Each structure stands twice: as structure tokens, then as C-alpha cells.
Amino acid sequence: MERLPRWADVFLVPFINLLLAFFVSGLVVLAVGEDPVKAVWVMLKGSLGSTAGLGYTLYYATNYIFTGLAVAIAFHARLFNIGGEGQAAIAGVGVALVLLAANWPHWMLALPFAIIGAGAFGAMWAAIPAYLQARRGSHIVITTIMFNFIAAAVMGFLLNGWLKSPRTQNAESLPFPPGAHLPTAHELLAPLGIGFSKSAPLNISFLLALLCAWLVFLLLWRTRLGYAIRAFGQSESAARYAGISAVRIIMITMLISGALAGMLSINVVMGEQGRLIKEFVEGAGFVGIAVALMGRSHPFGIVLAAILFGMLTQGGFELLWEMPNLSKEMVLVIQALIILFTGALDNMVRAPLERLFLYFNRRKEGAV
Amino acid sequence: MTLMKKILGATAALALSAGAALADPAIIYDLGGKFDKSFNQAAHEGAERWAKETGGTYKDVELQSEAQREQALRRFAEAGFNPVVMTGFAFASSLEKVAPDYPDTKFAIIDMVVDQPNVRSVVFKEHEGSYLVGIMAAMASKTGTVGFIGGMDIPLIRKFACGYVQGVKAANPNATVIQNMTGTTPAAWNDPVKGAELAKAQMAQGADVIYAAAGGTGVGVLQAVADAGKLAIGVDSNQNYLHPGNILTSMLKRVDVAVYNAFKTGPELETGIHVLGLADGGIDYAMDEYNKDLVTPEMLKAVEDAKAGIISGEIEVHDYMSDNSCPVE
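Top line first, the protein sequences correspond to chains E and B.
Just so you know, the numbering used here puts the end of the first sequence at 374, numbered straight through with nothing missing.
Just so you know, the numbering used here puts the end of the second sequence at 343, numbered straight through with nothing missing.
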């Protein structure tokens, strides 16, 4: 049976999904008495129309690239890691411990250690569900989502106890030393003569995210391990027959996945907040699932999808700003609709489209 | 590149020119949301009252995430809004970072002290009002057991609890007070389901009057208490109307007054620490047509006596936050 041509698979299907999502969201906007065309315009302008908006869009996109890659690499081994939320939160503890341990003289020195801290803690949090899956057969969907709740409780415990800053009533750690401050887009681009908004939190972690995307691509399609992961994902029994150890693949894939999710905390905890706060992940772990689905689990697609979701997050805030009739719950509904259409209802568009292409191909063949 | 620069430059110029024309006040609500029927709503009412009286306009925004605190502060300051008011102590760290970048903008933060030259910090003597409603709770209770449900477990909420317990014990030294906190994170301000569960648990232990100092969570407490036919005490806004006949009174924390005052003075806002209490009407208890049948003349007299005593200095209510401890349990 013939499948979709590649351009249709990669671009046309997501595009139609997006149009459908915007159409239904438009009906919602219309229902509360606002102009849907203006709403789309506000979202586009707010997320791309200024360096401040762009800075926030790419800042959120950085988070989604990390969590999207984390979900995608697990997908390739047919593991459904929905614990990105918890892995990123615990990784934040790793970053905080590293950065509070010393008075860092320069970010270039602090960053590698912070990356190790984030990766190690994120991977550790993924290791337990991975072990339970590999050795005991406990389903990874159940264990990873339960570990999100455990992570939230651990964070609450630490930030109200050992890590709590005595200076404030809020549950947060002490601020990190100034030497651990990551350069923002403003600071990086100013020497080049490019003016970038000072307030946007976009920082060097964005480049780290692109690097991670490239490394994941190399790993999956250019190494033996990547081949083993994909082979295991395609058919576990065939992979076993070929001598690939299931336990090893599950463990390694989940450790990489947890470490990737953990990188989010470099962007948020080290790059933006400069201290550890309780709920800094804010759903990015779950958005990563939608990003990976929309990006077809390919790093390039994930980067594009992550930027789209970054636009949604930032544009949603602009909607709140420009259109007072839309409450924050309404904006959440619009964001959720877009995730629903692009992520969950993917096959609704794909299947008819496949049939359509098949039909035209047959006619072409018939004519010849 | 040059075209890109031009476009960016044009949008920046546009933003600046738009900003220069404005000197409207602005308000940012905390994660509980504008219509939490409590703390944030009180702030909203203050802003609305100012708008109605002066015919002025203001801008407000509700937050969806932590990263947006700083974003919203900067957006307002850059757009030329002045003063910028925010409700809730959780803004403190963000404000400390943002305030020095915009020395010409005045900020006002409620419930927290931020030591910056362009910031007004408004704090309330919640312990005084909690003391008064504690007296009413003890007198209205038939079982001799009353409850307290707090939002997030922080010194500020313990201050409410401590004042309340002191009031209860002043009216009935043998009374028992059951205390619960909803959680340890900002989400505890907006969890009415858990609030209702805690209220049911306290009523199972014999509590028949429950004081909720928990923002949006309190809505669930009041509902559960009203469903069980017991008495509840509201907080921040006047919540008596929510369940007439089941809400004994509300401890009023006039966040609306703080917002109204800040809006009214405009950019000439005096900075520094402002403390509002019973004496200046910043703290009070609510009496209206919804609860007049619940409050007996003896209760009213006891409360009014205590209020006069606190204002004159005869009665001193211990402030938990002065030494992070409470003399009574």
C-alpha cells in the first residue's frame, strides 16, 4: 500500500491540523463576543512582532525542544515517557545544588557543572521507572506519571525545608551567585550591534537546545546504539532475536530521555529565575508530548513544533493583555484545542488524506 | 538584516510613542485569579471603585505562570503605566529584580515588604481582625470546638491563625481550635476541593464554626460548611452573601482600600511601608443583612468592646510574624 509523499507527511498534515484548530478556536473566540481574526493577529504580533515577544517565544520554545526531544527518543524505543514534568523538576534541584555549592566566578565554568547536575538528577528520576519497566514489567506510563507527583512532593519538602530561603515567605531557594548568570540574548547580541529586548528571558540555553536536537539526530540515525533503539521500538521480539538486550535499551533510552527533560531546568532555573522555585516546569513536560507527536519524533520537526508552541504560550499571554474579554481560562481552552488537534487528532486528517492521495495516484496510473 | 532592523526599530518606536501617552494605573492579580471571591477580587473591586469615581481607565492582567510575573511587571512599566499594583507576596522576588530597572515607575505590593526606593509596601494587621472573628466564633459555637483552615502554610497565614486562636481563647478559655493548612505551594490558594475535604474532616471532629483564610480555596470550605448546616467565617472580601444564614461574618482585609488609595494618588505615590489595621479601617469584620440574624446582641457587644480595646491599645493581640511564634495553641 502506498503512503503519503514525504512533503505531505511532514508539512501538509500538521498544517491542516493547525488550520482546523484555529477554526474551532475561532468559534470559541466568536462565542465570547470577540473578533477571531484580531485574536490571531494579536497572537502572531505578540509572539513574533517585537524582540521582546520573540525572546519570550524562543525562551518557551527552548523548554519545549528539551521536553519534546525527551519524549521523542523514548518514542523511538516505543516507551511512553510522560514523566518529563517530574524529571525536569528534580533536575532543577540538581542545578540548584551545583550552583549554590560554590561562588562561581564565570558562567562558562558553571554551565558544564550545572548541565551535569541537571542531567544526572533528571536521569536518576527516570531510572527508577525504567528499571521497574525493564525488570519487573511495570508499565512505564503509570510509573512515570506517578513519579511526577512524587517529584512535586519532594520539591515541596525541599523548598519548605533545607533549600528554603529565609528571606522570603515564598517556597524558593536562595538566589544563585551572580557568576552563575547565563548571558541573555540581549547581552549576547549587543556586541554584534543587534539590539534585542533587555527584558526577554531568552538565553544561551536556546543554543544548547539546538545542539541537543542535533546530537539526538546523530545518536538515532548515525550510531549503533540509535539503530538498536529504533530496532527495539519497531519490534521487540525481532530485536531480542538479533541479540539486543531489552533491559539495556530500556535503561539507556530512559536515562537519556530523563537527562534531556532535565536540561529544561538549565533554561528556567539557571537562565531565567536565578533561584529554584517550586513550580517552574509549568506543564512543559506534558507539552513536550504534543511537540513530539507534531514533530513526528524527528529532531528537526520537534524544533519547529516547539517554536509553534512557544508562540502559543507567549501569544496566549498577549491575548490576555489585548483582549480583556478573554479570561485566562479561555486562553487555556484555545491552547488546549490546538494541542488536541495537532497532537491527539492527528489521524483524523491523516487517514482521509492518505485515501485521497491513493485515489489520485490510482487515477493517474489508470490514465497511463 | 537591514530590513529586519528597520522593522524592529519601527515597532520599538511605536511601542515607545504609545507608552509616552499613558500614565494609567495597572494591577496584576496573583495566580488565584481576578474572581477568587476573596483576596484578588477585593483588589479588583478597589480598582473598579476608583474607575467609577474618577472616570479613569486602568489595565489589569491575570497570570498563568510564574515566568509571567516578571514579564507582566516589565510590560506595564515599559508601556508607561504608573503606578503598577500587584497583589500577593509571591511577587516580592520579581519586583526586587524589576523595580531598579524602572526608577520612574512607582510600584505597590500588597502583603509584603520590598525595600526599594520606588516601591510602596502595604501590609495589614490581620491578627487584629482575626482576633475579633475568633471571639464571635467561640461565642457562636455550641460544641466548644472551632476550626481554622489556612491556604499556603506561610508565616502570614499563621498570623491569621494566631490572632484567631487568641480571640477564641479570650471568649472561651476551654475552647478547642483545630487548625489545618491546605498546602505548601501557591496552588494551595486555589484548591476548593481540598478546602471542602478539610472542612468536612474538621466538622467530623466536632467543629461547628470554621474560619477560612485561604483565598480561592475558602470557597470550597464555605460550601462544605453551608452544606452541613454549620457556620463559616469568610475572609478578605465580604463573603456573607455567598451562603446567607451559614456565614457568621467575614474578616475584612480592605485590599480594595489599598488598591483604591494607590490608584488615587497616581504617579505621586508615596513609597515606603504602609500598615493598615483596625484603627484606620484597613481591617474590619462584616455586618450586613445576610448575617444580622446570626449575630446576637451579646456577641456584637463583645466584639465592639474588643475592637475599641485594640484601637485604644488596652488589648494587645500578639503578631505571629513579630517573632515567628504564637503564645497560644
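No lab work stands behind these hints, which were simulated from the structure alone.
Quantities reported herein were computed from a predicted structural model and do not represent experimental measurements.
It cannot be assumed that every hint is accurate.
As the list claims (entries may be wrong) - Calculated pairs, DSSO-like style, for lysine-lysine (alpha carbon to alpha carbon, straight line, at most 30 Å):
hint	chain 1	residue 1	chain 2	residue 2
1	B	Lys-111	E	Lys-51
2	B	Lys-66	E	Lys-170
3	B	Lys-156	E	Lys-334
4	B	Lys-48	E	Lys-44
5	B	Lys-111	E	Lys-204
6	B	Lys-208	E	Lys-51
Said to hold, decoys possible - Away from chain B, derived, C-beta distances all over 10 Å, residues of chain E:
hint	residue
7	Tyr-62
8	Phe-86
9	Leu-106
10	Met-114
11	Ala-177
12	Pro-181
13	Leu-226
14	Ala-234
15	Glu-288
16	Gly-322
17	Leu-326
18	Trp-327
19	Pro-330
20	Ala-357
For every residue, glycine included, the Cβ atom is placed at its ideal position computed from N, Cα and C.
Status of each hint after checking the structure:
{"no.": "1", "hint": "B:Lys-111 to E:Lys-51", "result": "27 Å, holds"}
{"no.": "2", "hint": "B:Lys-66 to E:Lys-170", "result": "43 Å, violated"}
{"no.": "3", "hint": "B:Lys-156 to E:Lys-334", "result": "43 Å, violated"}
{"no.": "4", "hint": "B:Lys-48 to E:Lys-44", "result": "24 Å, holds"}
{"no.": "5", "hint": "B:Lys-111 to E:Lys-204", "result": "13 Å, holds"}
{"no.": "6", "hint": "B:Lys-208 to E:Lys-51", "result": "40 Å, violated"}
{"no.": "7", "hint": "Tyr-62", "result": "7 Å, violated"}
{"no.": "8", "hint": "Phe-86", "result": "25 Å, holds"}
{"no.": "9", "hint": "Leu-106", "result": "16 Å, holds"}
{"no.": "10", "hint": "Met-114", "result": "23 Å, holds"}
{"no.": "11", "hint": "Ala-177", "result": "6 Å, violated"}
{"no.": "12", "hint": "Pro-181", "result": "8 Å, violated"}
{"no.": "13", "hint": "Leu-226", "result": "31 Å, holds"}
{"no.": "14", "hint": "Ala-234", "result": "38 Å, holds"}
{"no.": "15", "hint": "Glu-288", "result": "5 Å, violated"}
{"no.": "16", "hint": "Gly-322", "result": "7 Å, violated"}
{"no.": "17", "hint": "Leu-326", "result": "6 Å, violated"}
{"no.": "18", "hint": "Trp-327", "result": "6 Å, violated"}
{"no.": "19", "hint": "Pro-330", "result": "8 Å, violated"}
{"no.": "20", "hint": "Ala-357", "result": "34 Å, holds"}
Against the hints set out earlier in the document, violations occur for numbers 2, 3, 6, 7, 11, 12, 15, 16, 17, 18, 19.
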